[in-house]
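A.B. asks: Next come the chains, spelled out residue by residue.
There are 2 protein chains.
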Amino acid sequence: MSELQPVLLSGGSGTRLWPLSREAYPKQFLPLGSDDTMVQTTWKRVEPLTSLAPIVVANEDHRFLVAEQLRQIKAPTPKILLEPVAKNTAPAIAAAALCALEGGTDPLLLVLPSDHVIANAEAFRNAVESASAAAEAGALVTFGVVPDAPETGFGYIQAGAGHGVVPVQRFVEKPDAQTAAQYLAEGGYYWNSGMFLFKASRYIEELQKFQPAMVEAVKQALSAGTRDGDFIRLDKAAFAASPSDSIDYAVMEKTADAKVLPIDVGWNDVGSWSALYDVADHDANGNVCVGDVISVESRNNYVHAEGLVALVGVEDVVVVETDDAILVAKKDRVQEVKKVVAQLKHDQRSQAALHRKVYRPWGAYDSIDMGARFQVKRITVNPGASLSLQMHHHRAEHWIVVSGTAKVTRGDDTLLLSENQSTYIPLGVTHRLENPGKVPLELIEVQSGSYLGEDDIVRFEDVYGRSN
Amino acid sequence: MSELQPVLLSGGSGTRLWPLSREAYPKQFLPLGSDDTMVQTTWKRVEPLTSLAPIVVANEDHRFLVAEQLRQIKAPTPKILLEPVAKNTAPAIAAAALCALEGGTDPLLLVLPSDHVIANAEAFRNAVESASAAAEAGALVTFGVVPDAPETGFGYIQAGAGHGVVPVQRFVEKPDAQTAAQYLAEGGYYWNSGMFLFKASRYIEELQKFQPAMVEAVKQALSAGTRDGDFIRLDKAAFAASPSDSIDYAVMEKTADAKVLPIDVGWNDVGSWSALYDVADHDANGNVCVGDVISVESRNNYVHAEGLVALVGVEDVVVVETDDAILVAKKDRVQEVKKVVAQLKHDQRSQAALHRKVYRPWGAYDSIDMGARFQVKRITVNPGASLSLQMHHHRAEHWIVVSGTAKVTRGDDTLLLSENQSTYIPLGVTHRLENPGKVPLELIEVQSGSYLGEDDIVRFEDVYGRSN
Chain A
-12 MSELQPVLLS GGSGTRLWPL SREAYPKQFL PLGSDDTMVQ TTWKRVEPLT
38 SLAPIVVANE DHRFLVAEQL RQIKAPTPKI LLEPVAKNTA PAIAAAALCA
88 LEGGTDPLLL VLPSDHVIAN AEAFRNAVES ASAAAEAGAL VTFGVVPDAP
138 ETGFGYIQAG AGHGVVPVQR FVEKPDAQTA AQYLAEGGYY WNSGMFLFKA
188 SRYIEELQKF QPAMVEAVKQ ALSAGTRDGD FIRLDKAAFA ASPSDSIDYA
238 VMEKTADAKV LPIDVGWNDV GSWSALYDVA DHDANGNVCV GDVISVESRN
288 NYVHAEGLVA LVGVEDVVVV ETDDAILVAK KDRVQEVKKV VAQLKHDQRS
338 QAALHRKVYR PWGAYDSIDM GARFQVKRIT VNPGASLSLQ MHHHRAEHWI
388 VVSGTAKVTR GDDTLLLSEN QSTYIPLGVT HRLENPGKVP LELIEVQSGS
438 YLGEDDIVRF EDVYGRSN
Chain B
-12 MSELQPVLLS GGSGTRLWPL SREAYPKQFL PLGSDDTMVQ TTWKRVEPLT
38 SLAPIVVANE DHRFLVAEQL RQIKAPTPKI LLEPVAKNTA PAIAAAALCA
88 LEGGTDPLLL VLPSDHVIAN AEAFRNAVES ASAAAEAGAL VTFGVVPDAP
138 ETGFGYIQAG AGHGVVPVQR FVEKPDAQTA AQYLAEGGYY WNSGMFLFKA
188 SRYIEELQKF QPAMVEAVKQ ALSAGTRDGD FIRLDKAAFA ASPSDSIDYA
238 VMEKTADAKV LPIDVGWNDV GSWSALYDVA DHDANGNVCV GDVISVESRN
288 NYVHAEGLVA LVGVEDVVVV ETDDAILVAK KDRVQEVKKV VAQLKHDQRS
338 QAALHRKVYR PWGAYDSIDM GARFQVKRIT VNPGASLSLQ MHHHRAEHWI
388 VVSGTAKVTR GDDTLLLSEN QSTYIPLGVT HRLENPGKVP LELIEVQSGS
438 YLGEDDIVRF EDVYGRSN
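Chains as they are written, first to last, in the numbering used here: chain A, -12 to 455; chain B, -12 to 455.
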């Protein structure tokens, strides 16, 4: 039996869960209905099935998030394939398959979107195991979710006769409500979950038949790519030359070896706030309250509070409070959240893509206060991490360490600061901040000056390869 | 003709507009639907009618707010009567009347709650002028608002026959819906607005008839009270001995000289969020949006945003966002906001009474960030103001001036700090912060220590008479 190679697809930018999910920190990196983030949960779900480290396909911008979140749950060090441009799932999975084949073995790839919920992980693992023989024998197995409602937001898979893993009869596009109801009544139709199991070599073989240019481009992108720690950076020019297509169109709908295993494992793609409401535990009034919520005579609401949220007499409403944006939406209208995001993008506002707390390779900063000529940030530096050696033309900075230890380079001096110690970086002075310790460093930075934009920075050295 | 002496009643604690209005900073001090606060608007509305400075009756806790807000609009220096305990309107107005009589003249008192909206100030001033002759002749005139809806939240006044100032036929309690509708259909019934015009001496005479103990207690409270700058602090023991009663019960319903002038001046007591919605300008979708609001397919909502609030598909909802609490309420259920406040009080939570930004006699502080062993505050010190000479047992403080100039006493040293300068106050060191300048001083304070409660303070000297 071949080893199982989990492939986590982490390409999504999940704006349907705005304002919690934003481009720079989307859904898969959030703890939605769990203490772990969705990418962490996705890995933990399949970890018992394999001794291999995950292969993750991620957006360049999310590389440190992926690495850090998997590190936090002590996952074996992953290979992280970075897509320089988005090309849909077929090339992404091809890159993962080729990468898996590099070791000289031909594992079973278990392809998993990393932003779905599966309530019954045990049942899912059992399903993977029951699909393994067919995949080992050369089938391209997709997992079809037994529908419990006439959903119009998913594609459907019609299964052939029989039990267990059966041939796919056909893939059907997202149906209208009437057709969806008919599928549900008729039976034998399953939601297309986007999860697959097949031998790495079989996927490449079949892709070669239908999309030879794609295979060629991805091979090029991998061989011309650069390896940098855990990251495998696909070559931009080569990858950009690949056709863009989904695995469904490129392979699954064309191959003679498509099979489907119906699963009933509490799957939910959490594609909207109302979906998140549906999968969560409700209180006696039908409310789902995450955080500090006071509810008076209110029913069937979803509330995510980072501060205090009070509800009075409201029903079927979604309230999502974050540091710098609040959403109040009718639960059956949450798909239109994308219009808010579109408006923010149009207005070039940061809330479209960024949270107030911004994650960096070295940690994070949170802009906690701002005035005409000053800004206050809480800066967190991970153990062992280091900001770039830098200089600002328009601002001075005051640093007060409130937790952990800082190593500060200031001009020609080097200082070690611990809790309750401070220093001052005059305008124009070259400086660097490092955390030499074993616990996170937290400091308060007070910037003072006439211009306080993030772009007033001259970087001299950066361990993360950033020049500006 | 006697001079007009405006008396501003500022006793309310307005929790029906929580979370914007809180006990320590209630409705009358907020700019609701205007650039000025309600107490400022109340003064500006009557300023053209008089050359006298206002008499204000206020809660002890609000004394600096009243003084500061009237100073900001360059009102003549008011006399501010401080009630040591709340005793309803009759004693409060008695204190104002006795105070007005101290100068040896007998002015016409114009008694005004300072938390009501009057859309047509000009019409209101005209009404005051047309009521003056009757008041001058000894009548106790109340202003009755011409009703435009069968409101059940107000008491009504039935007027006698005639035009202009006419005798009151009777006062009636808050009616049920059917009775209110009947009043509206019948005509001759007016809302009891709580605004009055009478000679100071006439009020005292009539009060003496019906509540002699009250007059005695208030006279005592005034004569035994202390005068401290603009403040007249009524003697606590004496004032506490006064019966508690409203001017309506104590005087207006009993006197033979009660008269009423019907007015139609766009009056609204802004007694709830829905009332505030009603008086504000609506956009094309019927929304009232104060602040940064993105509205998608949403109608007839009231939104007060301090950050960004996005609405999607909601109708008839009130959303009020503040730094540390958010209210989402159905517009026809906003009276139940008081249940939220009651819950917060029960749980002894600061949001019941305090905003995140807390006003002090010397300025304000805003707690912008907090961690396990640190807290960050933005501190604003008014020009010329001074914090107490103080010391903390459990925390050190880092101060960074970001605007204006600070005079810092630290142990035996005195420093002058300007923008972009900082200092450090070690734990246990006596210190004082002053603003010697002409513009507000803003500084960022980073507290570091094991206990950061406001009660870790030893005060040695305090210009505002606070010992702890």
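Simulated from the structure, these hints should not be mistaken for laboratory data.
One or more hints might be untrue.
[Claimed, not checked] Here's a subset of chain B near chain A, in silico, CB distances under 8 Å, partners left out:
hint, residue
1, G300
2, V301
3, L341
4, K344
5, V345
6, V433
[Unchecked claim] Computed list of lysine-lysine pairs in DSS-like fashion (alpha-carbon distance at most 25 Å, straight line):
hint, chain 1, residue 1, chain 2, residue 2
7, B, K325, A, K344
8, A, K318, B, K344
9, B, K325, B, K344
Backbone N, C-alpha and C define an ideal beta-carbon position, used for all residues, glycine too.
A.B. asks: Decide, hint by hint, whether the structure agrees.
C.D. replies: Results of checking the hints against the structure:
Residue-level restraint check for B:G300 holds (minimum Cβ-Cβ distance to chain A is 3 Å; threshold 8 Å). Against a cut-off of 8 Å between C-beta atoms, the interface hint on B:V301 holds, since the closest Cβ of chain A lies about 5 Å away. Annotation: B:L341 was flagged as interfacial toward chain A, and the flag is violated, the nearest CB pair being 13 Å apart, outside 8 Å. For B:K344, the interface hint is violated, the least distance from its beta-carbon to any beta-carbon of chain A being 11 Å, above 8 Å.
With its C-beta approaching chain A no nearer than about 15 Å, B:V345 sits outside the 8 Å limit, and its interface hint is violated. Given hint, B:V433 at the interface with chain A, holds; its Cβ is 4 Å from that chain's nearest Cβ, closer than 8 Å. Distance hint between B:K325 and A:K344 is unfulfilled; the C-alpha atoms sit about 34 Å from each other, more than 25 Å. With a C-alpha separation of about 33 Å, the suggested pair A:K318 and B:K344 falls outside the 25 Å cut-off, and the hint is violated.
A hinted pair counts as satisfied when its Cα atoms are at most 25 Å apart, and B:K325 with B:K344 qualifies at roughly 21 Å.
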